[in-house]
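Please work from the sequences and hints to get the whole structure.
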Amino acid sequence: MIGKVLVANRGEIALRVIRACRELGIRSVAVYSTADSDSLHRMLADEAVCIGPPPASGSYLNIPAIISAAELTGADAIHPGYGFLAENARFAEICERVGVKFVGPSSRVISMMGDKSAARRAAREAGVPVTPGSDGVCANAAEAKRVGAEVGYPLVVKASAGGGGKGMRVVEAESKLDAAFTEASREAGAAFGDGSVYIERYLQDLRHIEVQVLSEAGGKTAAFPERDCSIQRRYQKLLEESPAPGLPDDARRGMMDAAASLVDALGYEGAGTVEFVYSGGEFFFIEMNTRLQVEHPVTEMVTGVDLVAEQLRIASGEGMGVPEGAAVPDGHAIEFRINAEDPRRNFLPQAGSVEFYNPPGGPGVRVDSHLYAGYKVPPHYDSLLAKLIVFATDRETAIRRGLRALDEFAIAGVETTLPLHLAILEDEDFRRGGVSTSFLSRRELRNDEGLLRLVSVGAPE
Amino acid sequence: MIGKVLVANRGEIALRVIRACRELGIRSVAVYSTADSDSLHRMLADEAVCIGPPPASGSYLNIPAIISAAELTGADAIHPGYGFLAENARFAEICERVGVKFVGPSSRVISMMGDKSAARRAAREAGVPVTPGSDGVCANAAEAKRVGAEVGYPLVVKASAGGGGKGMRVVEAESKLDAAFTEASREAGAAFGDGSVYIERYLQDLRHIEVQVLSEAGGKTAAFPERDCSIQRRYQKLLEESPAPGLPDDARRGMMDAAASLVDALGYEGAGTVEFVYSGGEFFFIEMNTRLQVEHPVTEMVTGVDLVAEQLRIASGEGMGVPEGAAVPDGHAIEFRINAEDPRRNFLPQAGSVEFYNPPGGPGVRVDSHLYAGYKVPPHYDSLLAKLIVFATDRETAIRRGLRALDEFAIAGVETTLPLHLAILEDEDFRRGGVSTSFLSRRELRNDEGLLRLVSVGAPE
Amino acid sequence: MSETRSEDNQDEALVGGEPSGKGRGSLPLDDVSRIVDLLRESGVGEIQVRQGELEISVKAKPEAPAPQRVPEVEASSREPASQPEPQAEANGLHAVRSPLVGTFYRAPAPGEEPYVEVGDTVMVGQPICIVEAMKLMNEIPADVSGEVVEILADNAGGVEYDQPLFRLRPE
Amino acid sequence: MSETRSEDNQDEALVGGEPSGKGRGSLPLDDVSRIVDLLRESGVGEIQVRQGELEISVKAKPEAPAPQRVPEVEASSREPASQPEPQAEANGLHAVRSPLVGTFYRAPAPGEEPYVEVGDTVMVGQPICIVEAMKLMNEIPADVSGEVVEILADNAGGVEYDQPLFRLRPE
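Residue numbers (the numbering used here), protein chains in the order written: chain A, 1 to 461; chain B, 462 to 922; chain C, 923 to 1093; chain D, 1094 to 1264.
Hints in this document: simulated from the structure, not taken from any laboratory.
Treat each hint with caution, since some may be false.
As the list claims (entries may be wrong) - Taking lysine-lysine pairs in the DSS-like style, the calculated list, with each CA pair at most 27 Å apart, reads:
| id | chain 1 | residue 1 | chain 2 | residue 2 |
| --- | --- | --- | --- | --- |
| 1 | B | K637 | B | K606 |
| 2 | B | K837 | B | K698 |
| 3 | C | K1057 | B | K562 |
| 4 | A | K237 | A | K376 |
| 5 | B | K465 | C | K1057 |
| 6 | D | K1152 | C | K981 |
| 7 | B | K837 | A | K376 |
| 8 | B | K465 | B | K681 |
| 9 | A | K4 | A | K220 |
| 10 | D | K1228 | A | K4 |
| 11 | B | K627 | B | K606 |
| 12 | B | K681 | B | K562 |
| 13 | A | K220 | A | K101 |
| 14 | A | K166 | A | K176 |
| 15 | B | K562 | B | K465 |
| 16 | A | K101 | D | K1228 |
| 17 | A | K176 | A | K145 |
| 18 | B | K627 | B | K698 |
To be verified - Only some residues are given here: those of chain D computed to face chain C with a beta carbon under 8 Å:
| id | residue |
| --- | --- |
| 19 | R1127 |
| 20 | I1128 |
| 21 | L1131 |
| 22 | V1137 |
| 23 | G1138 |
| 24 | E1139 |
| 25 | I1140 |
| 26 | Q1141 |
| 27 | V1142 |
A virtual CB, placed ideally from N, CA and C, is assigned to each residue, including glycine.
Structure (structure tokens):
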């Protein structure tokens, strides 16, 4: 087993990894910026190294500082968490070069999956269904038009290096393709330093469903029951659940098998997520995230597998320990992302002091958070304060447990998305299950005597 | 379903019941003493009624006040939690008389199980093995001698109305029986107002193992995998786990079947616990607790059953919803009672302000607690501050998770039993599993550079 | 807040080119000192006095930081009946509180006259209402002598332990 | 800290380009001093006095609310290297801090003389040590001129970002 792991991250995910290390008897090294000197990840790790100033570019994205911290503390391995350097192929490559084990796949695989058109090609070659569209990057608008004639309209132009909706344009008719192609390419170039774009059929009323995988790189591979991440706001996931409500068993098996084929074809090592869109009974590959995800706990709850412990076992060269039953979901789990954003003021990010903090307890409640009373939320990083995960035998009970736990969750000093989640759980369509990714964009938040409520606007789904 | 439940208790168990009510859509009524006006159970219930002054005799044991509060708020049912009025047959009877459903068995059954010799008789009649001893109360020392000749020495004289070691004497030889009989009877009379005593074979190196049951009173009965509660200090349980380490499957089945037979014979309704001593492969009935127990969460973790929700379903006359698989333990759970007692100063009870409170989070961790930062622990009630329950696929992982979570658990302002639990988990015999109830009495707590450590004293087990 | 305002005034005076020393004299420190004493003795939080050119403002030190509380928004409970009512009692009034949980009745029996009305004078030990619990009628006596100023509970309504029932002005 | 408003006004007046003594006279420091004494003796929080053109405001130091901290016993981390060292800096000393994580070397190469010793005087910009990271030798210059009073890091030991390396007495 690895003896010492440097955790190249902050916040709740740094704690998650430190906890797993402690439970496995691995020593942990926290790295922190000067803005995080009062952070729990620093306090709970066995060792801690200050790596730079508050801006992430000087600290959590500062590769030399992190590698130096690993060398100084004698860490055998680096766990990147999610975000920051987790999908940075150069970082993984430097780790490989300096002989520190990167907990994750090889830099080659990270690099390939980070290029969306290369990823689509790899998926197609592994027999995984991909959305009908261009075969990789479209060189120019003329090629885009040829592809458009095949896949039909509406279609979507997407940045090859992209994510988060940047460099993306929906095109309703061929007449608008030229302009959209140029705009998307320019936006992609500005945002990612790479203006290449590709084309896909535009799917409507789609659900975002993803499959967690673990693989030993040439050894065993396990694919786990899916997560439904369709509750999003501006392409940011807010609430995730497992299993996906109402998903037919054959679709589940289909996605799990497809994910496992891709992973095997890649010679993938560690934990990863294969993301699909699901629409009208069909599923298509979107992309693969070559890292742990924020929403991994819902899979842990319905399978009993400790995904971070398994990452560390695989990175240590030990076999992974996944029980047989883990391929079938047992119960229902929902995760709520509690962000420091004010849903009453257009999700304005909040920073400041957490004056009071009391997470919910009792049966079927898990909280992953770096908060404590008196903690100051720094303005430099992302807004995730806590993940509340509820688990119960069935979805209806999990929703009621979620309402109970959200209601109990006390955070004072900063506004959070807690009231938004209560509103989502009260929504009739959500309770019925199986809503599409446009769920939130088709609703407005109304203030109903202090409580938030979602009200449908525009066309029904 | 019941519409509104009055929770006749305080602290973490009041919260536990309020949470279950909320998840089932039942309205909850908290009752509180003036010492508890800042308590979470008061704040989280739908309604709250102040029932009396700080001493429990005027509030949580004040039957007229509680019944009046139920009548004023229109509660259909009263959940007594544990302790206070939970095993008070008169209270159950008054509830029956005024037409408020008592969540628990009938006053007749409570009364019978509260009389230890009657309980032994009922168990024997139901075919449950009882410790060899007198057939009910021993009228005098002469009768005790006749029984002693049959069961052999050492034997133990016990108060029929007793508990907690009061009115109890171990007798090594017949020559000492007269004196012990007289003393035990006098002590029992003083402590319980009833000097009757009975005689049992004295079992050594025994383990305290108990079986949780649920029954519909004439309908279905379910017995769950056992809890091992052998880690005790002065007859107070401190740490409980499920399943019992190393317990053979046939012993488990034997105890579960015995418990189910007793419950069926009694026409028992609701949740209860049948307690056994287990020694040298044999098990014998000790007593039955006709209520929910502090340690019920360990059973919930390994069976997936929400015992409090099932209590409320049964009390509502609805069928209980226990899945098939719940008769076999799935994984391993350990509960740590975090008491406001100072293990470095002979477990001196603590009261005062909780200056800082941060419970552990992450996978496999459940916390049931009424604490929050700023809460004042009143000196009037028992010392239980929080229950930490850890769950994992196997006992070794659960122990490591327990160490991790205990280490993270931050309570400042009052001393607690947190360091004692860390010491227990570090003990080699405990880690091997299956220790007897004399585990703690055969060890001393040593201060080892600020950390507590257990050191064996006297004869090995 | 007066702080910024007076600063601005000062600035304006300077900008206005009228930096006259008129009226400076010595400060009325005796007055200040007496106001400080008054503040301390009265227990109030702030005293401001202004007369013509003179303005004195004295504030008490802030109380020790409010204890951490569960924020109101998270708690669904009703107002505490058992909270002391400092306002009333600071006014020299006395609250008669319920010694038990039950139903409050103003009269000994249905159809009969209430024990007391606002304006009545009662003696220590004189029954002033009934709180019924478990079918028992408990007569509640006044615990001070004085005039009934207010009746705080509704007839036939529920009352909690320690809930104020009457306000009396003690003799 | 007892802040006095009149001080601020003074600054503004000077900035305003009217440094004339006309009508301003000298500050009534005796009055200020007596009000400060009154505040301290009385224990009140704030006193403001204004008379005509003169205004004096004295505030007590806010009570330091005990910061919520994770109790020490729960934290296993080392002492923060990045904490400011108010003691040293209050003494007029200056800490040269590490601008990066790495290994600290006092000399340009093994076997060579250290860049500086205690007692040496250094100039701004003069290299005083090396911090090696990723096989790169980074010469760290003094950021003030002055005398080297203390060398805080061990040769060939690890240093964190912002960790004090030297204490200098600035010229």
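Status of each hint after checking the structure:
1. K637(B) / K606(B): holds, 10 Å
2. K837(B) / K698(B): Satisfied, since the Cα-Cα distance of roughly 24 Å is no more than 27 Å.
3. K1057(C) / K562(B): Roughly 19 Å between the alpha carbons, so the hint for K1057(C) and K562(B) holds.
4. K237(A) / K376(A): holds, 24 Å
5. K465(B) / K1057(C): holds, 22 Å
6. K1152(D) / K981(C): At roughly 9 Å apart (the allowed maximum being 27 Å), K981(C) and K1152(D) satisfy the hint.
7. K837(B) / K376(A): holds, 25 Å
8. K465(B) / K681(B): holds, 25 Å
9. K4(A) / K220(A): Distance ~25 Å between K4(A) and K220(A) Cα, so the pair holds.
10. K1228(D) / K4(A): Roughly 22 Å between the alpha carbons, so the hint for K1228(D) and K4(A) holds.
11. K627(B) / K606(B): Judged against 27 Å, a Cα distance of about 21 Å means the pair holds.
12. K681(B) / K562(B): holds, 20 Å
13. K220(A) / K101(A): holds, 20 Å
14. K166(A) / K176(A): Holds, at about 18 Å.
15. K562(B) / K465(B): holds, 10 Å
16. K101(A) / K1228(D): Answer holds: K101(A) to K1228(D) is near 19 Å, not above 27 Å.
17. K176(A) / K145(A): Holds, at about 10 Å.
18. K627(B) / K698(B): Status holds; Cα separation ~16 Å.
19. R1127: holds, 6 Å
20. I1128: Holds - the Cβ of I1128(D) comes within 8 Å of chain C, reaching about 7 Å at its closest.
21. L1131: Result: holds, 6 Å to nearest chain C Cβ.
22. V1137: Where the cut-off is 8 Å and the nearest Cβ of chain C is about 6 Å from V1137(D), the hint holds.
23. G1138: Since the shortest Cβ distance to chain C is 4 Å, the answer is holds.
24. E1139: holds, 4 Å
25. I1140: holds, 5 Å
26. Q1141: Status holds, d = 4 Å.
27. V1142: Hint holds; V1142(D) Cβ to chain C Cβ min 5 Å, cut 8 Å.
The structure shown violates none of the earlier numbered hints.
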